[in-house]
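Enquirer: Turn these sequences into a full structure, and let the hints steer you where they fit.
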Amino acid sequence: MAQHQATDLRAQPIQRFDCADGGRLLRIHYSADPDKRSMEWKKKASEGMPSDEWRREMELDETIWDGEPVFNAYEDAVHCPAYFLTNDIPLFSGSFYFGSLDVGMTIHPAGLLWQITGPPHQVHVLAEVVPDGSMTLEEFSPWVVQESRKVLPQQFNDVYWWADETIRTRSGHDGRTGQKVIFDASGLMVRPVSNAWAPRLAAGDWMLRNWIDEETPRLYISGKRCPILRQALQGGYRYRDKSTAPTEGPERQLLMPLKNVFSHVADAFQYGAVRIKQLIELGPSEFMRELEQQRARSRAGDRLPEGRHLLGG
Amino acid sequence: MSIPRKEYLEEVIAVWHDCLRTGTPLHIEKSRRLILSWLCTVLEIHALGASPGRGLISAIAYETPFGSKQFVWRSFAVYDRLVQRRPDWKLPKAIHMGSIDGKQLDSVILPNGSIIEAVNSEGESFRGGGAGIVRVEELSQRKRAKAIWSQAVRVCEGLPGQVGGFPYSVNNASANAEWHSIKRPI
Chain A
1 MAQHQATDLR AQPIQRFDCA DGGRLLRIHY SADPDKRSME WKKKASEGMP
51 SDEWRREMEL DETIWDGEPV FNAYEDAVHC PAYFLTNDIP LFSGSFYFGS
101 LDVGMTIHPA GLLWQITGPP HQVHVLAEVV PDGSMTLEEF SPWVVQESRK
151 VLPQQFNDVY WWADETIRTR SGHDGRTGQK VIFDASGLMV RPVSNAWAPR
201 LAAGDWMLRN WIDEETPRLY ISGKRCPILR QALQGGYRYR DKSTAPTEGP
251 ERQLLMPLKN VFSHVADAFQ YGAVRIKQLI ELGPSEFMRE LEQQRARSRA
301 GDRLPEGRHL LGG
Chain B
1 MSIPRKEYLE EVIAVWHDCL RTGTPLHIEK SRRLILSWLC TVLEIHALGA
51 SPGRGLISAI AYETPFGSKQ FVWRSFAVYD RLVQRRPDWK LPKAIHMGSI
101 DGKQLDSVIL PNGSIIEAVN SEGESFRGGG AGIVRVEELS QRKRAKAIWS
151 QAVRVCEGLP GQVGGFPYSV NNASANAEWH SIKRPI
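Chains as they are written, first to last, in the working numbering: chain A, 1 to 313; chain B, 1 to 186.
No false leads were slipped in.
Residues from chain B that face chain A, not an exhaustive set, calculated with beta carbons under 8 Å:
1) Val-15
2) Ser-31
3) Ser-174
Hints were generated in silico from the structure; no laboratory data involved.
Each residue gets a CB set at the ideal place from its N, CA and C atoms; glycine is no exception.
Expert: So, in structure tokens, the structure goes:
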């Protein structure tokens, strides 16, 4: 990451590199403009700009992740071993499959596909479904189905789907819930999970800190199929920078995650973590009973008369 | 507004033209406030005005309120300004699709037939081939930077033995690992 920082940009404000892929790179620091070299200019230009933002946007510092990572227990070498950067996590017979979606009150939906092995239940994030920009639920949910079928061609029909509880909120011109929209568009029966901040933070943290035994972490993620989640857990999903708003108190560190390109997949991670942690802590028999109940509730939902809104979970 | 005469801008222009001539992909990583995005618009108008071709611009919405479409509006604004400032050149007006008042255009067609189009922020939006110039704004901020960049390069591929189009990106610094992989130096 620091390859381009070897040379001081102030000493050489325009730098040229040949890239390994045959392209060229031109790095240009603001001091390339003689009018922007004085301390006075810098003082005026940086006024009101958070220091991290200045370092990244003006000094071309490539190591700025703004605030602190939300999940600082993530260790890439542990949770995403090099093998899983290029290879799929294998599917184990007797496993359970889950999908967790961040879809409720966002136009930037995200989804994750999970495998939970039999007892003692190791957890694998097999794949992510994250659009580059905004996407409606009508577009997103069939895409989730399509991508999930690629990863779980045999097991797709056994996947349990969860999403944040705002999927029960009626919205839009026809007052349908997100749950109903997803069902209509893709046939997925999605059950709600609490989106209370403290439990999902705790569940995500537990997932990363918990070990099955001394050598076996609870969680593995597929670096091959989850590049955004991996970046999110490496610091892309982070707390907001210090506040500059007088109402919040200048320089106060706000314990709220920044909404950015990583936050939606991180939310999907937390919804999955909340539910999976609950199930694992129930113990094997209750684990199965709970899943059967969810399956039954989903089937009941399937039989609702056409045009009726789905019942909540 | 006019582009001032600055040594660093001349260096950018020289590199940009060299890459355009040879079809070499280029990444510009820059501090803010160097008017480089506007300079790129000027360079594109000049190149596509001089030689018929197809230009594509991809941007993400947070960079300008309307993403790519506002960059296409900038192309129209630069050309229109030229028409007004140099009446002696007798330049015909450009045709545009979209809202001038809203500063968001889907496309601009120059009198020589060149077209500059807005494409959305996903790699799949680069369809077909034969693009003369492709600009990707803030590639360094994209979640799937590699996929988007590979599509941008693909639509610029020329016929065997010929120089193809010119893909380039304009960026701020970023910790994005995919971006670092793309610009990895030899």
